[in-house]
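Spelled out, the chains give:
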Amino acid sequence: MRERSMVPEPEFESYYGRPILKQPTWKTPDVPLYLFLGGLAGGSALLAEGAALTGRPELERVARLAAAGGAAAGTVALVHDLGRPERFLNMLRVFKPTSPLSVGSFILAPFSGLATAAAASHLTGRLPRLGRLAGLGAAAFGPPLATYTAALIANTAVPAWHEAHRELPFVFAGSGAQAAGGLAMMLVSTSEAGPARRMALAGAAIEILAAERVLGKGLVAEPYHVGRPGRMMKLARRATTVAAALTVVGGRSRVASALAGATYLSASLATRFGIFGAGLASAKDPKYVVIPQKERLARRAAAASATH
Amino acid sequence: MTTPLDSSLWGRLDDPAADAGHTEHPKRKGFFTDTSVCIGCKACEVACKEWNQVPDDGFLLTGMSYDNSQELGASTWRHVAFVEKPIDVAPPVDLGMPSLGAPPGDDQGAASGDSGIRWLMSSDVCKHCTHAACLDVCPTGALFRTEFGTVVVQPDVCNGCGYCVPACPYGVIDVRPDDGRAFKCTLCYDRLKDDQTPACAQACPTESIQFGDLDELRERADQRLAELHEKGVDVARLYGRDPDDGVGGDGAFFLLLDEPEVYGLPPDPVVTTRDIGSVWRHVGAAAGALVALGVASFVGRRR
Chain A
1 MRERSMVPEP EFESYYGRPI LKQPTWKTPD VPLYLFLGGL AGGSALLAEG AALTGRPELE
61 RVARLAAAGG AAAGTVALVH DLGRPERFLN MLRVFKPTSP LSVGSFILAP FSGLATAAAA
121 SHLTGRLPRL GRLAGLGAAA FGPPLATYTA ALIANTAVPA WHEAHRELPF VFAGSGAQAA
181 GGLAMMLVST SEAGPARRMA LAGAAIEILA AERVLGKGLV AEPYHVGRPG RMMKLARRAT
241 TVAAALTVVG GRSRVASALA GATYLSASLA TRFGIFGAGL ASAKDPKYVV IPQKERLARR
301 AAAASATH
Chain B
1 MTTPLDSSLW GRLDDPAADA GHTEHPKRKG FFTDTSVCIG CKACEVACKE WNQVPDDGFL
61 LTGMSYDNSQ ELGASTWRHV AFVEKPIDVA PPVDLGMPSL GAPPGDDQGA ASGDSGIRWL
121 MSSDVCKHCT HAACLDVCPT GALFRTEFGT VVVQPDVCNG CGYCVPACPY GVIDVRPDDG
181 RAFKCTLCYD RLKDDQTPAC AQACPTESIQ FGDLDELRER ADQRLAELHE KGVDVARLYG
241 RDPDDGVGGD GAFFLLLDEP EVYGLPPDPV VTTRDIGSVW RHVGAAAGAL VALGVASFVG
301 RRR
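Chains A and B are the protein sequences, given in the same order. Position one of the first sequence corresponds to residue 1 (the working numbering), numbered consecutively onward. Position one of the second sequence corresponds to residue 1 (the working numbering), numbered consecutively onward.
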């Protein structure tokens with residue numbers, strides 16, 4: 001039946017306008033929050049190790065706690081999202097490279113353990129060498145933790161996510177750096193926050209550039225522009241720009257630094273909720289499935305007839 | 001552990017059961033659903049519910065023709081779609097329906113007085129893809145490939161992560177909200193192990209749902225398609241029959257009388273895991289960029 005007479009653009013048929021794909025059952029805020037926390041924790045683990053190596057105790061303390069806290073909170077969000085939370089450990093039953101959630105479980109589990117051990121050692125002053133070793137381990141698992149979540153959502157049939165599978169990892173890397181740097185800028189005095197500022201600023205640049213490429217993908221990217229997810233994405237971009245400007249202009253002002261840090265954090269959070277929401281919208285409307293697939297079939301048919 | 005070999009992920013794969021590690025196994029089983037002879041009786045839906053003890057998922061009146069079950073889901077493993085499509089002329093074509101003395105030259109529309117409407121009915125089901133995205137992304141191993149080449153969820157392993165749900169390019173599998181776990185058609189795995197026909201196929205009164213060895217079903221479908229084309233039913237086409245399509249061909253495939261999207265099917269589904277190599281390469285590059293960014297943040301003047 002012809003459906004959606006309210007939408008004037010490309011004609012397409014569907015079954016009573018019903019979705020072809022199933023809506024992801026992943027809960028809001030659990031999963032977008034987890035995407036954010038994974039980035040925050042992963043980026044913070046890097047900051048913590050850098051701070052330890054370059055002798056910045058205040059930055060190290062904040063970053064170690066952010067890495068451990070982010071991983072713990074993220075794990076809670078992830079377990080809470082399960083339909084059978086008591087079976088969380090089934091995630092570690094098998095290792096499947098075709099399942100980013102499987103790979104991610106084998107990143108999150110060691111990261112959480114190592115980041116927690118490093119933070120505990122740092123706070124209590126016990127087993128300092130083992131603590132540092134754990135910190136190094138967390139720093140090694142940090143970047144994969146911050147970026148694998150892009151694979152998690154991209155490796156689905158959801159057009160807005162799947163078609164952005166080349167760019168989303170960079171969006172998430174940038175967003176994670178932005179969040180980690182932003183939190184440290186908020187909580188660490190400016191004399192030690194230099195690396196956090198640079199990390200947030202560079203992360204913001206990467207995030208903006210990569211997101212720009214996602215947003216330019218035509219029809220499949222439409223959910224990133226419209227409705228609530230569209231507003232989230234716009235808000236995120238504005239906040240990122242404001243935070244970056246504040247970082248550059250504010251110099252060593254403690255207030256400007258804290259303000260910029262908080263803005264980076266909100267921008268990262270808005271990006272995750274925007275991207276997650278856009279995926280839900282993309283799965284809901286059959287046009288995002290039907291129209292690109294019909295175009296693909298037409299192109300293939302044209303190519304086939306051209307060769308004959 | 002899955003080996004990410006190319007043919008295991010995407011493209012033609014003649015023996016998915018062997019690819020999954022079943023050394024000695026029966027021939028691949030499947031469904032051929034010939035929608036040209038479906039009468040919309042929903043016996044398949046009922047038989048499936050009864051045999052598999054699938055709970056109800058609401059009793060809604062949708063207003064979508066005779067379709068109140070709406071779509072495949074955690075508690076609807078066969079779904080009969082009803083499309084009432086306005087057409088200009090109703091061509092009188094004998095579809096080879098089993099008939100009991102209906103007037104010769106009878107066509108569905110004109111005789112029942114609603115000419116100008118063409119009825120399309122189709123019993124949809126899990127496709128049991130050669131390259132099944134739900135199975136690929138399942139992090140617990142709850143979804144597995146059976147010795148019959150079908151794809152089945154083990155409810156005692158599933159932890160309800162829901163990854164299979166957005167992974168399926170057909171929107172088949174779903175999580176049952178009050179239960180928390182994912183469910184879908186098992187192609188009656190229990191009956192297959194007992195050499196029995198799946199409940200839906202057994203109940204189908206018009207043989208619209210045909211069960212058997214997949215290679216044989218494909219032959220039968222090709223014959224049926226040729227027969228219909230010969231009779232002038234040019235709109236007839238096979239869906240999911242091609243082992244070179246985006247999912248390596250479906251274990252349950254269809255003969256349709258209109259574009260797939262009219263029935264709520266994706267026109268050109270592709271298993272998401274086809275791109276998993278590219279996905280991981282980009283994740284790796286992005287993680288590398290993050291490391292570089294972290295290092296660079298600490299280099300330079302101290303402030």
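A few of these clues could be false.
[What the hints assert, rightly or not] Short, incomplete list of chain B residues facing chain A, as computed with Cβ under 8 Å:
1. Ala81
2. Gly141
3. Gly171
4. Glu259
5. Trp280
[Said to hold, decoys possible] Distance ranges between label pairs, derived from CB positions:
6. Ala109/A / Arg12/B: 32 to 42 Å
7. Leu297/A / Glu24/B: 49 to 59 Å
8. Lys217/A / Glu216/B: 42 to 52 Å
9. Gly284/B / Arg296/A: 20 to 30 Å
In case anyone wonders, no lab produced these hints; they're calculated from the structure. Think of the CB as a built atom: it goes at the ideal place given N, C-alpha and C, for glycine as much as any other residue.
Consistency of the hints with the structure:
1. Hint status for Ala81/B relative to chain A: holds, with the closest Cβ pair at about 6 Å, below 8 Å.
2. For Gly141/B, the shortest C-beta to C-beta distance to chain A is roughly 4 Å, which falls under 8 Å, so the interface hint holds.
3. Nearest Cβ of chain A to the Cβ of Gly171/B: about 4 Å, under the 8 Å cut. The hint holds.
4. Restraint check, Glu259/B versus chain A: the minimum CB separation of about 6 Å is within 8 Å; hint holds.
5. With its C-beta approaching chain A no nearer than about 7 Å, Trp280/B sits inside the 8 Å limit, and its interface hint holds.
6. Checked against the hint of 32 to 42 Å, the C-beta distance between Ala109/A and Arg12/B comes to roughly 37 Å, which is consistent with it.
7. For the pair Leu297/A and Glu24/B, the supplied restraint of 49 to 59 Å is violated, since their beta-carbon distance comes to about 39 Å.
8. The given range of 42 to 52 Å is respected by Lys217/A and Glu216/B, whose C-beta atoms sit roughly 43 Å from each other.
9. At roughly 27 Å, the beta-carbon separation of Gly284/B and Arg296/A lies within the given 20 to 30 Å, and the hint holds.
Violated hints amount to a single one, hint 7; each of the other numbered hints is respected by the structure.
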